[in-house]
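Novice: In case you want the letters, here they are:
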Amino acid sequence: MSNNKKYWKGVEELNDSPAFQKVKSQEFNEYLPAEDFLGDEGLLENSSTSRRDFLKYLGFGVTAASLAACEAPVNKVIPHVIKGDKTNPGVANYFATNYSDGFDYCDIVVKTREGRPIKIEGNKKSPLTNGAINSRVNSSVLSLYDEKRYRAPQMEGVSTSWSKFNSTVKKQLTEVIAKGGKVRILTNTITSPSTKKLVSEFVAANPAADIKHVSYDAVSASGMLEANKESFGVAALPTYDLSKAKSIVSIGADFMNSFPSSLELTSQYAKGRKPENGWMSKHFQFEASLSLSGSNADVRMPMKPSEYGKTVVAIYNYLNGNKSGAAPKVKMAAEHLMANKGASVVLCGSNDKNIQNVVVAINQMLGNYGKTININKPSFQRQGMDADVAGLVKELKGGSVDVLIIDGANPVYNMPADMDFKGAMSKAKTSIVFASRPNETSAEAKMVGAAAHYLESWNDANAVAGHYSLTQPSISPLFDTKQLQDCLISWMGLDGTYYDYIKATWSEVAFPMQSKSLLFEDFWNTTLEAGFFIGNSTVAASASFTDNSSSAVSAISKIKSSDLEIEFYSKVGIGNGNQSHNPWLQELPDPISKITWDNYIAMNPVEARAEGFATEYGEQKDADTINITINGVTYENVPVVAQPGQAPGTVSVAIGYGQAIGKSNEVIGFNAFSAMKGMKNYSTDVSMEAAGQKYQIATTQTHQTVMGRTSVVRETTLDVFQTGVKDDFNPAHMLATHEGPMNINDVDLWAAHPVATAGHHWGMSIDLNSCIGCGSCVTSCNSENNVPVVGKDEVRRSREMHWMRIDRYFSSTPDSLETRSYGEMEQPEDNPQVVHQPMMCQHCNHAPCETVCPVAATTHSNEGLNQMTYNRCIGTRYCANNCPYKVRRFNWFNYLGYDKFADLNPSQDDLGRMVLNPDVTVRARGVMEKCSLCVQRIQTGKLDAKKESRPVMDGDIETACSSACPTSAITFGDYNDKSSRVLAASQSNRAYRVIEEVGTQSNIYYQTKVRNVESNIA
Amino acid sequence: MNVISFKKPANLFLGLFSFLLAFSVSTTSLQAQEDGEKLFKSYCASCHSPGANQLVGPGLAGVYDKYEKEWLYKWIKNSGALIASGDDQAVAVYEQYAKVAMPAQPVTDVQIDAILEYVKAYKPPVADVVVQDGPVAVEDEGMSSYTIVGIVVLFLILIILLRKVQYIFTAAKARDSGEEMPEETTLTQALGITVSQNKTIFALLGIVCLCLFAKGGWDSAFGVGVFQGYEPEQPIKFSHELHAGTNGIDCNYCHNSASYSKSAGIPSPNLCMNCHTYIQEGPQYGKEEISKIYTALDFDPVTKTYGPNQKPIKWVKVHNLPDHVYFNHSQHVTVGKIACQKCHGPVETYTVGKQYAELTMGWCINCHRETKVQMADNGYYDEIHERLPEELKKQYLEDGTITVSELGGIECGKCHY
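Sequence order for the protein chains is A and B. First residue of the first sequence: 1, per the working numbering; consecutive thereafter. First residue of the second sequence: 1, per the working numbering; consecutive thereafter.
Check the hints yourself; a few may be wrong.
Said to hold, decoys possible - With a straight-line Cα cutoff of 25 Å, these simulated DSS-like cross-link-like pairs (lysine-lysine) come out: (1) B:LYS394 x A:LYS76; (2) A:LYS83 x A:LYS310; (3) A:LYS83 x B:LYS314; (4) A:LYS86 x B:LYS354; (5) A:LYS171 x A:LYS196; (6) A:LYS76 x B:LYS354.
Please keep in mind that the hints were generated in silico from the structure rather than gathered at the bench.
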């Protein structure tokens, strides 16, 4: 075997500490005090509840329960008064629209049932996002049903009517305009052509006044925009094609998560990671904190964020022939780039114009423009210029702004403290904020427009040149809400609604770009159905290239490093904090740290240990706290977490936290935006000291261990894979028998499953090489299967209810582990390799859970599914104990009614309940649950086929996870369909089944991970 | 009272009349009648009944005698033109039916002849006529519990009186013979004596009582949550008997989503208005019940306009499946080709909607065991059948049919997820 690495899920497992030893053999982390109580005779005798009392209560309880059960409630059934043509109870409708919040752009399809949006999926037909979707987008449906949304516009904190609101604003605007006053509109990045046209018409209609629109991105890409403006004369971002790139070098760019156009990049990236194609891209990552992209890199080098510039310059110099002084991994990257000219991409996450200028120069030198990078087809997904924003704040502070209108942005929350936006805003004579729920900015506004959710709104978008899309509502506004655009139309005294305005814009702009439809209505309806329209790129950059690299290089040489630096990063779930009130996203474990419901200071484990901070976290193992001062902003008592892969001499912190959520307004984490001085995503001005307190951390990290079985994850290197000898990288499990070694699949205690070859045989294949660990599948599963949110406290007790988890294993080479002393073993923590493994019910044909259920609540179907029948389950939990994959979840509580969960569980109020999928049972307390392989979708797919009198086609049925995967790592299908992709995948060289040696005959295959590194240095 | 009857003698008369007419039609026109039926259903049935009752337009029974054929051709093809031409008859009809013009129909003279043949031959459902002559069946409700309690109390009083009388006689007898007066035993003492004298009988009796009690308890426990026969009062006294029975409206007309959706759906009031725009009075409750639809839609029956104050009708749900059961109507109606009546009973005879079947799991499973899968002409099942290994094909087809359960229809995961 070429690969016998050791895998460890956390520092605890690597160290094999006594505490870990104790916990790993237990199912439950917590200590159960039954013995203490029952063993103490004195306590029992003095107990106020006698056995007789107990029996009385029991008898009474049983009787009361049976009597109560006899009464049937009278249910009402209320049909529509006037039913729409296509709104049929029990039938789902799908609407193509898009998600565009200035941070993420995604073409989506919204599933509605009985008129309620319940699920968001990627639009598979979109050539831009290719059906890719992430957790933030697919969880956004829950924000629609947020109980705290504004239900009417507010004036001076009091609810009012729109007519009053609009007339007041109109009156003020008229006065201000008449005297030639200043009006400023501050929004997040807007790509909507109609909105832009409307705003420019507003400006043009009032030449007397000084009206300006400023775009603002909390996570700014200003540096890139400026660099492109200087180099190509266009202040936009280029579009990339990573699927053609053989060499990908990222310096601090988390292009799978927070980098602009991350969804497009992720889906392209996966296409270049298929070893069966004969080639695979090689991914180098240079970064401080272990990011999602870094965890998937072939070669990763931890470094301080202040060194990003120097690394870029080192690559630049290397390409220019100045090869001295480059670090080995930098050299490796530069040489790989040179070998793949025109088929490589260099990305950098820095917000420094100079660094980005050098990156442009490198890509230009490599001849990547026109091949893997296209500046002539720019992307408009980040437009905020830091200088413009700073200018606006200055104007505000000067008190010269009469009317400030804010939409889609929350600057009081996410602007750095030194800009003091709150103080600046108070100087505007009138401030009008459009927000969907109360936030920090709307709290400071004199007037608040109750903004409609994007699923209730009409809009359009132009994320990338030539890609025009329509946003259409999939539900009527739930409350008395409006969009800014509709109000602007009314303030300007124009006729019609924003919907009419969009139509007019499209008939002028997009309709002439095509010739397929002769009538506009026809074109409009076709586009509305598809969700997007591919027109010609209207913006073309000048072909000429201005090289600014030499001045930039000298500017970069002045960047100073310090002994302790901090990097600000976006988490996969929370992103820039737009949706930090969304409990699905808060409970999504971070792909790297597996921590939920918090942000924290991440530190290198070696350094953490040296400082005496706890490096292991669990129900009874809390994190230590520190006081940290960043750029003069002090955070007291914040937790510090040991994070393998964190560059020495650096710490990192996630932005987007520190907002109040839930009915009790509990603040989750702390707001790191305040310390982002100058909107720079790192700082060298950091000092910290131990605060000496403990902080509870809810992590899923060391739960559900793999019991030391190393047959769970398989990986190899590209050169070994390319030899084609399966035994070298994916050997079959052999069992020693009296007849000699036999393949595990030929040895069986049980009879083969009777109908494995008849009817359907559902199964799944998961490609570990494509899986990037983003967790989109997890949130998609939550929303499809009504998975309850349990909250931080229950996650700490290992009682999270997710049907699907992504196991993250760190790995290091075996010799380094076995020949080293304990102290030396820590070194892999500096820069471990990472494997992400989605894990859910494996639907074993010989399922260990099925044989131990005393009431046959879990049984096998003749279609290969391991069925879970909730109404039969009595909650013995034998099945969970007997499951080798630890994928079964027990309902410890009534999550729908118990007060403890009222604050966070969306299904506890009438509004939140609307998001539930009516085809899936909401499970009660005391029953087991687990992945059903989306049996409701299978049944629907079969029924559709029956009604249309045709066989089920491969790809007809997608599970929630497979459809949500941005890299198509998950394939679902029917093994009995000879042409199915899943059958082919299960027979491939890389296919293996997890813990196959116990003979579970699972129906989920995994594909061995292949790293593009030399086998001898892995 | 689930008895079909004509509520008005006029209807009875018309029914009998058309019944008799049916016999006078010569058999040579059978083919024309068949074509006519199809044509009638596609062109006329949405507004006219082939009988005498009025739907949107008048019933067509007798129309062939009342008017000239040529006039009918003109009227049907373009009534508006005929009215405009000032034809007396046409104007009279127009006035008579509240000036609602009949839309022009794209039919030929030959087709009109066929339709008229069909209308001539049409006879309303015979059962309607026969049943009303018979005695009205009264449902035997059995003895009420009050009666039983009353009888038991009377019985006890009788026992006490008899014992008193017996004691008086015994005491009198003793006094006469000069013996010592016997002590009067209490009821409990007497019972004790009786029991001790007949131990075996009472022991057996006790066992029998216990068994009966256990059986009763067992049966009633099985009945918990079973609401067979549930017949709640509805906000509108809607009668399936009248709509589906007498008027023969297809179930799918109102519950159309049964054929493609999970739920059969309760029709929305706008669907009711397809007919009730014009039918403003019912045979039993007059305008009272129908006006509730108008209230829901804020519809003014005189001006035939809709107002803004619409409010939904809150029906009482009759069939309540537990939340953990997935049931899909279209699977059963469209794919399984099961008639509605199989589960819902003879709905066309219900005056009040009720739960016909038990709706228990045993009831579902039994049907899945017995019902044949409708495999013919379904591409899905062709493929599934193709995939069956030979031995299974043989095993399944032993009894000549493949049942739902043989294709996995009684597995938990088919209904519970």
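Novice: Each of the hints needs a verdict: does it hold here or not?
Specialist: A quick look at each hint next to the structure:
1. B:LYS394 x A:LYS76: With a Cα-Cα distance of about 48 Å, the restraint between LYS394 of chain B and LYS76 of chain A is violated, given a limit of 25 Å.
2. A:LYS83 x A:LYS310: Violated: LYS83 of chain A and LYS310 of chain A sit about 65 Å apart, past 25 Å.
3. A:LYS83 x B:LYS314: 15 Å, holds
4. A:LYS86 x B:LYS354: 29 Å, violated
5. A:LYS171 x A:LYS196: 23 Å, holds
6. A:LYS76 x B:LYS354: 14 Å, holds
Going down the numbered hints, you'll see the structure goes against 1, 2, 4, while the others check out.
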